[in-house]
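A.B. asks: For chain Z, the structure is supplied; the task is to place chain A on it using the hints.
These protein sequence lines map, in sequence, to chains Z and A. Position 273, counted from 1, in the first sequence is what numbering that gives the first Met the number 0 calls 272; the numbers after and before it change by one each time, with no gaps. Position 47, counted from 1, in the second sequence is what numbering that gives the first Met the number 0 calls 46; the numbers after and before it change by one each time, with no gaps.
FYI, nobody ran anything at the bench for these hints, they're computed from the structure. If you're wondering where the values come from, they're calculated on a predicted model, not measured in any experiment. Ideal placement from N, C-alpha and C gives every residue a C-beta, glycine not left out. Hints may be right or wrong, so weigh each one.
Stated by the list, open to error - Pair by pair, the computed Cβ-Cβ distance ranges are:
#1 Z:125 with A:40: 33 to 39 Å
#2 Z:203 with A:5: 45 to 51 Å
#3 A:20 with Z:261: 34 to 40 Å
#4 Z:193 with A:20: 35 to 41 Å
#5 Z:327 with A:36: 33 to 39 Å
#6 A:20 with Z:124: 50 to 56 Å
#7 Z:31 with A:41: 48 to 54 Å
#8 A:36 with Z:3: 49 to 55 Å
#9 A:7 with Z:197: 36 to 42 Å
Residues per chain, in single letters:
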Amino acid sequence: MTDIQDYPFAAPAALEPPGEWAELRERCPVAHVRLASGDEALLLTRYDDVKELLSDARFTHHLVAEDAASITANESGGVFASGDGASVRGDAHREWRKLIGKAFTARRVSALQPGIEATARRLVDDMVERGGPADLVAALGFPLPVWVICELLGVPDSDRDRFAYWSDTLLSLTRYTQEEIDAAQAEFAAYMRDHVAARRATPGDDLISELITLVGALDGRVTEEVVLMTAKGLLVAGHETTANMIGKMVAMLLADRSRWERIVADPSLVRTAVEECLRYDANFGFGIPRYISEDVEIGGTTLAKGSTVVCSLSAANRDESAFEDAAGMDLTRSPNPHLIFGAGPYACLGQSLARTELQTVLKVLVERLPTLALAVPAADLRRREGLLVGGLERVPVTW
Amino acid sequence: MNVIVDAGKCCGAGQCVLLAPDVFDQNEDDGIVVLLDATPPEALRAAVREAAEVCPAAAITVEERP
Chain Z
0 MTDIQDYPFA
10 APAALEPPGE
20 WAELRERCPV
30 AHVRLASGDE
40 ALLLTRYDDV
50 KELLSDARFT
60 HHLVAEDAAS
70 ITANESGGVF
80 ASGDGASVRG
90 DAHREWRKLI
100 GKAFTARRVS
110 ALQPGIEATA
120 RRLVDDMVER
130 GGPADLVAAL
140 GFPLPVWVIC
150 ELLGVPDSDR
160 DRFAYWSDTL
170 LSLTRYTQEE
180 IDAAQAEFAA
190 YMRDHVAARR
200 ATPGDDLISE
210 LITLVGALDG
220 RVTEEVVLMT
230 AKGLLVAGHE
240 TTANMIGKMV
250 AMLLADRSRW
260 ERIVADPSLV
270 RTAVEECLRY
280 DANFGFGIPR
290 YISEDVEIGG
300 TTLAKGSTVV
310 CSLSAANRDE
320 SAFEDAAGMD
330 LTRSPNPHLI
340 FGAGPYACLG
350 QSLARTELQT
360 VLKVLVERLP
370 TLALAVPAAD
380 LRRREGLLVG
390 GLERVPVTW
Chain A
0 MNVIVDAGKC
10 CGAGQCVLLA
20 PDVFDQNEDD
30 GIVVLLDATP
40 PEALRAAVRE
50 AAEVCPAAAI
60 TVEERP
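Same shape as in the complex, but just chain Z (with noise of 0.2 Å):
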């Protein structure tokens, strides 16, 4: 295959994966594409090769070389592109990631847990209470993740809506213009400076506060633009990959009504059924990128010194190689080695918290509304387009 397609690929229906991720695995496992920039870049599909290098400290997703691709349409090419202090690698990341490492402990998500579930139970009371259908993004997928941030960070949930939008901006493809995107970015810096400088003024028991002492007692080590750059991060990676996946997961078990019914019968169920949506989720988006700054052999392929590689995590999940009936759905899969969060020292820092925002919003669904069902046809079912993330627009429901 020497034709240069097009990526993001066009895909059929919301919850299907596109045709060329199997074409691609079997016949073309390092594949030219074009970006929405227009720039080129490598794009993997197999697992193992995916997993492969993920794993390998030397490349990371910061695009600041001359030579890498640009992914966006936009000007300053997204959040892959931006200089701040996020462009740490080695033992420098190793450094930043342990002290926010601190806030992601499993055991301090699973102390989060609860407050988690009441919020759930909150919202999908609100949800039954203006009646049916109800959109279920708007419902719950999306306030929820913002509750969760916000209270990270300690800043009061009136603000989610601001916070929502920001992040829309901030992993924005093609959906919004620089002007829009500068304006936002300009916007939350602002807001997060102000309650950076009143948390100083007023310690809470929030991470921002966390980070502040830290600032403090490391002089230099650590500066004030990463405790900014730490809060853009959490709520680029906290809100809207989660968001879209309570919808998403909800929508694919509903989808084929077995798998619902099944969890509802035995709701033991839930944790292997949150790892199997996360596999089989088909419309993740833009996938990992990774900046080659070293010929590397990855599958028998050398990936030159300064091409910008795409890694498909969704492609990696659905290989027949590294899952059994991987185009099925198996709510039991067990061990469900997926590679939706990555995988190797890069490997999301959020995803215990993820996991427990999933698991406790499928029982609290479960539990409460057995009965949900999709008041539309799944193929009826519409993506949001132009972002990094893929989402559904609205996951319309009835109980």
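C.D. replies: Relative to chain Z, chain A alone:
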């Protein structure tokens, strides 16, 4: 069963703690894995095997003994 962890590889994802909290913990200071029980009892072994299989950093090794 003998469990070995490589703290140098660990990325602090916490999957192992969610799966087998009696065998794995995370350091409060940095989220890096702490092994609580290198020879877990039979009842915990399936969860430990799963933790090793799904560890995103491949930081857990399980040696099965006859």
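A.B. asks: Could you work out which of the previously given hints the structure breaks and list their numbers from low to high?
C.D. replies: 1, 2, 3 and 6
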